[in-house]
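Colleague: Chains as they are written, first to last, in our numbering: chain A, 104 to 391; chain B, 2 to 265.
Hints may contain errors.
Stated by the list, open to error - With a straight-line Cα cutoff of 27 Å, these simulated DSSO-like cross-link-like pairs (lysine-lysine) come out:
1) K306/A x K118/B
2) K263/B x K289/A
3) K385/A x K19/B
4) K118/B x K132/B
5) K155/B x K118/B
6) K233/A x K306/A
7) K385/A x K289/A
8) K233/A x K243/A
9) K306/A x K155/B
10) K233/A x K154/A
11) K263/B x K19/B
12) K306/A x K19/B
13) K306/A x K289/A
14) K243/A x K259/A
15) K259/A x K154/A
It is worth saying that the hints were derived from the structure and are not from the lab.
Quick caveat, the model's predicted, so the values are computed rather than measured.
Take a look at the letters that make up each chain.
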Amino acid sequence: MPAWRSLNFRAGLLSVLILLLLLGVWSIAAGPTASANSSAGMTPEQIEYAKMMGKDPGSAKASGFPTLGQMGSTVWGHLSHPFYDNGPNDKGFAIQLAYSLGRVGLGFGLAMLVAIPLGFVIGMSPLMRKALDPFIQVLKPISPLAWMPLALYTIKDSSISGVFVIFICSVWPMLVNTAFGVASVKREWLNVASTLEVGPVRKAFLVILPAAAPTILTGMRISMGIAWLVIVAAEMLVGGTGIGYFVWNEWNNLSLTNVIFAIVVIGVVGMLLDLAFAQLQKAVTYVE
Amino acid sequence: MEGFLTIEGLGKTYVPGKPVFADVSFTLERGEFVCIIGHSGCGKTTILNVLAGLDSASSGYVFMENRQVSGPSLERGVVFQSHALMPWLTVRQNIAFAVVSRWPDWPRAQVQAHVEKFVAMVGLSAAIDQKPSQLSGGMKQRVGIARAFAIQPKMLLLDEPFGALDALTRGSIQDELLGIVRETQQSVFMITHDVDEAILLADRILLMRNSSETGAGYLPGGIAEVLTNPLPRQRARASLHRLEGYYALRNHIVDFLVTRAKAH
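With the sequences and hints as input, model every part of the structure.
Modeller: In structure tokens form, the structure reads like this:
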């Protein structure tokens, strides 16, 4: 079969076409008003003069939606200086991203430390399952941001409150999935472990954990997706640092190119996180 | 107390007053191969699980070498009907898991050598690093048998190990099992549905009847008859039906299963 007929190739081609179409629509929609402000055809002296007159031709402060050209130069500016730090309100996007990822990583890690052992207990003990079920059912549907005032009041630190919110939103899918995975480990594997006189710790790590790992990883993947959704909103609330704060800050600056850039970055990072968990999931999945 | 394995007055009750089986008593000598045969629901698997220590009886006792059986033990290897291999481990790792459980202090090399020996015994050396999902049903069951033998238990419990296999595969594994059992002098207790399988493998055959409601009242299930296999011990599947006494034995068992094992 020729390469151009493969499904992947054709799908990729179609994706590129759709992207070009969207960019085309954008270009036409933002075109006429913005093109007057374009710096194209101006000498550097003219541009500088225009800037001095308060009519910066490359600026997104110009009225109307940013053009593709403005967007491109913003993207290029960010990508060529991802790590600059000019004080609290002007940091490179990579630094902001690192703050967000740090909070998500910390909150997610803490959630793992709580949810996976607790999920094991719930999965193995019908008593604990019944006793804890009402709590889980009530706490699970609460929007994580609803915890924010309580967190701010008790923790008294906005950054840690952000981590707490990530923790509280990641914990439930992991907990529920771990408990389900552990409870549905096949009886026959446990019987094998019993007849081999395998101790409880060895059984937990060598039989139950690998047997439940695909389900646990599914829970972790869902948790990570939710955490990445929530971090943006949480950072908009608590402010200071992070990609969510960056979005809010640039909105206050009325810099739509920066906002759009941040939106795309959030999407791409979210996708990469999901892909990473998909790979992990693939690594622990077994065929019966 | 006599015998290597002694079962005394074993019974299992789910519905009060109506035990599934009651008063099951038999002994098993060292190196003996005993098959139990009966219809579904008569309690064969429950008896085996009690012997394995995976289930508890409502009444009665099990003694092995004069010590009461009260839980699972490495002294009794079990081959499960559904092979029960861990699908995330290769054949090698599956058996090594059992070997390490049996001898936790063994160095790695010794474990590996032991594993390879038992995989070779069931003729699966070529597939040793494959996952169970890559193996056929017969191969999986062979791995299950190798795993049970690898821990060198004092006795082996087989829960209808060939039930899910096609007739050809079943035959060749039966031959293999018989060879290994004769060689290792293993004591075996096995459940089967297959009359020919029982005649080929067993030194003694326990015939079990289901519980039933008779005119005289409720009759719990139990062992109706114990047959000693009269055929010479050196027998093979291919020539089994030519041995003298084969048909008499076979007809007796089939008659029992058809007319007496189950209330109609």
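Colleague: Would you check the hint for K259/A and K154/A, treating anything up to 27 Å between C-alpha atoms as holding?
Modeller: violated, 44 Å
Colleague: Please verify whether K306/A and K19/B have alpha carbons no more than 27 Å apart.
Modeller: violated, 37 Å
Colleague: Is the hinted pair K263/B and K19/B satisfied, with a Cα-Cα distance of at most 27 Å?
Modeller: With a Cα-Cα distance of about 16 Å, the restraint between K263/B and K19/B holds, given a limit of 27 Å.
Colleague: Is the straight-line distance between the alpha-carbon of K243/A and that of K259/A 27 Å or less?
Modeller: The given pair, whose Cα atoms are some 24 Å apart, holds under the 27 Å limit.
Colleague: K385/A and K289/A: Cα distance at most 27 Å?
Modeller: holds, 20 Å
Colleague: Quickly compare the C-alpha distance for K385/A and K19/B to 27 Å and report which way the hint goes.
Modeller: violated, 50 Å
Colleague: For a C-alpha distance cap of 27 Å, please report whether K155/B and K118/B respect it.
Modeller: Measuring from Cα to Cα gives roughly 19 Å; hence the hint holds.
Colleague: K233/A and K154/A were given as a pair; does the straight-line alpha-carbon distance stay at or below 27 Å?
Modeller: violated, 69 Å
Colleague: Is the hinted pair K306/A and K289/A satisfied, with a Cα-Cα distance of at most 27 Å?
Modeller: Roughly 13 Å separates the two Cα atoms, so the pair holds.
Colleague: Given the hint that K233/A pairs with K306/A, does the C-alpha gap stay at or below 27 Å?
Modeller: holds, 24 Å
Colleague: Hinted pair, alpha-carbon criterion (27 Å max): K233/A, K243/A. Please report holds or violated.
Modeller: The given pair, whose Cα atoms are some 16 Å apart, holds under the 27 Å limit.
Colleague: Can the restraint linking K118/B and K132/B be considered satisfied, given a maximum Cα separation of 27 Å?
Modeller: holds, 18 Å
Of the hints listed earlier, those the structure fails to meet are numbers 2, 3, 10, 12 and 15, in rising order.
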